[in-house]
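J.: In UniProt numbering, the protein residues as written are 1 to 205.
Note that these hints are calculated values from the structure, not bench results.
None of these values were measured; they are calculated from a predicted model.
For every residue, glycine included, the Cβ atom is placed at its ideal position computed from N, Cα and C.
Treat the hints loosely; a few may be bogus.
Said to hold, decoys possible - FRET-style restraints, in silico, Cβ to Cβ: (1) Thr34 <-> Lys197: 39 to 47 angstroms; (2) Ala179 <-> His22: 26 to 34 angstroms; (3) Glu133 <-> Arg73: 15 to 23 angstroms; (4) Thr20 <-> His171: 26 to 34 angstroms.
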Amino acid sequence: MLDRYALPLIKPPLNRIAKTLHGWGITANQVTVTGFFVGLMAVPAIMANLYFLGLVFILLNRVADGIDGELARLTEPTDAGGFLDITLDFFFYQAIVFAFALAHPANTLWALILMLSFVGTGISFLSFAVMAEKRQIKSLTYPNKGLHYMAGLAEGTETIAIFVVFCLFPHWFPWLAGAFALLCFVTTGMRVHYGYKALRSDPVN
1 MLDRYALPLI
11 KPPLNRIAKT
21 LHGWGITANQ
31 VTVTGFFVGL
41 MAVPAIMANL
51 YFLGLVFILL
61 NRVADGIDGE
71 LARLTEPTDA
81 GGFLDITLDF
91 FFYQAIVFAF
101 ALAHPANTLW
111 ALILMLSFVG
121 TGISFLSFAV
131 MAEKRQIKSL
141 TYPNKGLHYM
151 AGLAEGTETI
161 AIFVVFCLFP
171 HWFPWLAGAF
181 ALLCFVTTGM
191 RVHYGYKALR
201 SDPVN
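Make the full structure from the sequences, and use the hints.
T.: Okay, structure coming up:
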């Protein structure tokens, strides 16, 4: 929901950093993998209740995720790079919630519900992207992305924001996780409805 507003704001500084790294010979895939492992360091930090340290690693991961896309566009984006990026992103999101599940027993149920909701948003997102690529359906909202980005109430910006809030107010995790899970389930429903309707209206079917 907020990605369309956030991306234009963060693109210029990320692009400047990407140009510097490109001049040093650093590739987008190197940034993707490095950012992923830096992000995973948030898991033991959160499990140890070192939430501020975990937040630092989360933010570093998200900055790297923005930079790798800009780096890729400075050269030539590849399918392999896009596959690596989105796979590691989805794993990272689940890993952070998993860390909160183990940080406190009261978090476990709500963390599992949130992880299930992430499965819904991820599957609905990726399955429509596959069909959109097959039928050459372009996203007017995110035309520069490597695959069709289906909008929703819970997108990347909202996910980063809720992770930040989790780390700042960890004792509120069950309530926050439940609320965000509801948002994700609604997003999944919206995507399934839109995707099915869009594909049914295609003359191929």
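J.: Tell me the numbers of any earlier hints that the structure contravenes, in ascending order.
T.: Checked against the structure, the hints that fail are numbers 2, 4, while the rest are satisfied.
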